[in-house]
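Asker: Positions 1 to 513 (the working numbering) are the ones given, in order, by the sequence shown.
Hints were generated in silico from the structure; no laboratory data involved.
Every residue gets a Cβ at the ideal spot worked out from N, C-alpha and C, and that includes glycine.
Take these hints with a grain of salt, some might be off.
Here are the computed distance ranges between Cβ atoms for each label pair [to be verified]:
no.	residue 1	residue 2	range
1	Ala425	Gly290	45 to 55 Å
2	Val476	Ala442	15 to 25 Å
3	Leu205	Glu491	55 to 65 Å
4	Lys449	Asp145	10 to 20 Å
5	Val247	Ala425	17 to 27 Å
6	Ser282	Ala196	18 to 28 Å
7	Phe300	Ala425	45 to 55 Å
8	Phe254	Ile484	31 to 41 Å
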Amino acid sequence: MTTDSSSTNRAPAEGISTFKGQDRALRADRLGTGGLLLSVLAATAPLMVVAGVMPTTFAVMGIVGQPLLFVVLGAVLVLFSLGYAEMSRHVHNAGAFYAYISRGLGGTAGAGAALVALVAYNSLQVGIYGIFGFEVSGLFATYADLEVAWWIPALAAALAVGALGWLKIDVNAKVLGVLLVIEVLLVVVFDVAAVADPGTEGLSLHAFNPDTLTGAGVGTALCFCIAAFLGFEQAPVYAEETSRPHVLVPRVMFLAVTGVAVFFAISSWALTVATGPASIVSTSQEQSAGLLFFLTEDRFGSTFTDVLHVLFVTGMFAAMLSFHNVVARYAFAMGREGLLPAAFGRTTGSSGAPGTGSLLQTGIAVVLVLIFALTDDKPTGDPTAPVLHLFTWGGNIGALGVIVLMAIASLSVVVFFVRRGAARAQAWRLATSALAGIALVAIAVYTVKDFDVLVGAGPDSALRWILPGVVGLALVIGLVQGAILRSRAPETHARIGLGNEAFQLEKEAGGTP
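Can you build the whole structure from these sequences, using the hints too?
Answerer: Put into structure tokens, the structure is as follows:
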């Protein structure tokens with residue numbers, strides 16, 4: 001991907017514009033450290049990871065050292081965050097990834113990254129509707145003896161999330177916060193109980209032994225586990241809605257990535273302790289996504305496990321709302337800068353929320369859920385189809401997209417500071433960004449190579465190329481759009497990545513904002 005020096009050097013001095021013309025700016029002072037942290041962490045869906053991702057990784061990959069993988073990935077993402085957080089002090093834009101990439105590699109590269117981000121976060125958000133609908137349908141069948149098609153609760157959730165997306169972001173943060181705190185507390189209760197009442201092998205630390213990370217499945221296991229971290233990188237998306245983005249955004253990113261790494265490392269270790277390291281793979285293969293509930297039933301009884309089932313669902317809802325807010329803000333930023341129709345670049349009423357972007361995401365979710373409802377269980381009638389397809393396809397397409405964005409952003413950080421003449425002052429951050437970028441490229445390669453395993457398709461299935469190809473196609477279309485804008489609408493191209501600062505410059509120059 002080539003750089004575009006004309007757009008790289010156009011950036012104004014750091015700082016965030018106070019220009020609020022024509023509702024092109026999100027409302028500031030909505031989020032403090034707590035609200036921003038909760039909004040970001042909700043996307044990680046801790047209970048969904050502990051109950052879903054971890055047993056799947058143990059079962060499919062046969063890797064006992066999953067706790068160590070979380071430590072390794074946490075270290076890689078901390079390295080990534082060092083440069084990413086430093087750049088967040090200079091760039092405050094709801095476009096986050098694509099804004100950073102624009103400022104380092106130019107507007108054309110930024111346009112490509114923008115479309116990848118829009119596709120990736122939509123895929124992550126919509127994918128959760130599949131497993132959400134399946135789990136809610138199961139709750140109705142278990143506790144109300146009522147058969148409800150999975151797509152009915154999925155569509156109801158899409159409408160509820162869309163309605164919340166129109167509210168003030170601080171209201172959303174409170175909803176996310178309550179759901180997040182409760183599910184984290186219940187996982188902590190399980191962790192403590194597993195340590196207090198370990199399996200036959202006692203408090204074994206074998207899962208942290210590097211020898212457990214040998215074998216062909218390690219690369220694919222990395223792909224499974226890195227998806228559990230997705231969310232921490234969203235902090236810059238809310239930069240315009242904080243009072244001190246240069247302070248709060250870096251702080252929240254480091255709190256999020258270190259907190260997630262420690263929490264998931266301990267929780268996955270607790271699963272190995274509860275069953276015994278020698279039995280964790282076989283027990284996961286036997287229980288699948290029911291592993292956590294199987295273990296809590298034995299220790300706490302049915303009431304606690306029933307509550308855990310309900311919170312498993314509410315945690316998914318929190319993740320859907322968090323990703324919805326991110327997609328809406330990306331659409332807002334793209335509309336404001338000419339990458340989407342201008343209608344998306346306006347905020348809504350007194351809430352100051354990106355309402356049109358929220359409508360876009362809701363519309364995409366409803367359409368895709370309906371498509372899968374009409375076709376995904378035909379002709380087999382398999383009731384797990386929405387989980388196996390909508391969830392796994394959407395989740396892995398989204399995860400690949402975000403990994404690619406992080407890798408490109410790592411390069412952008414290096415170029416950005418080199419072009420500003422700050423390479424010597426930022427040398428150690430540039431080194432960590434380069435190391436993180438190399439690691440993320442390796443993970444992206446493994447993800448593409450093993451996509452058939454990730455989505456449960458056969459090695460000869462066309463899906464192993466079609467699904468990751470969605471990310472590649474989005475990148476190519478975005479780059480073409482950026483090149484066209486550079487040729488035909490250079491003023492629009494020059495605004496890519498600047499956000500509200502571009503309109504401040506227009507105002508100062510006497511133009512029409």
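Asker: Each hint needs a verdict: does it hold in this structure or not?
Answerer: Results for each hint:
1. The beta-carbon spacing between Ala425 and Gly290, approximately 53 Å, falls within the hinted interval of 45 to 55 Å.
2. The given range of 15 to 25 Å is respected by Val476 and Ala442, whose C-beta atoms sit roughly 22 Å from each other.
3. For the pair Leu205 and Glu491, the beta carbons lie near 60 Å from each other, so the given range of 55 to 65 Å is met.
4. At roughly 45 Å, the beta carbons of Lys449 and Asp145 sit outside the given window of 10 to 20 Å.
5. Taking the beta carbon of each, Val247 and Ala425 are about 19 Å apart, inside 17 to 27 Å as hinted.
6. The hinted window of 18 to 28 Å between Ser282 and Ala196 holds, with their beta carbons roughly 24 Å apart.
7. Between Phe300 and Ala425 the beta carbons are some 54 Å apart, a value that agrees with the proposed interval 45 to 55 Å.
8. The hinted window of 31 to 41 Å between Phe254 and Ile484 holds, with their beta carbons roughly 39 Å apart.
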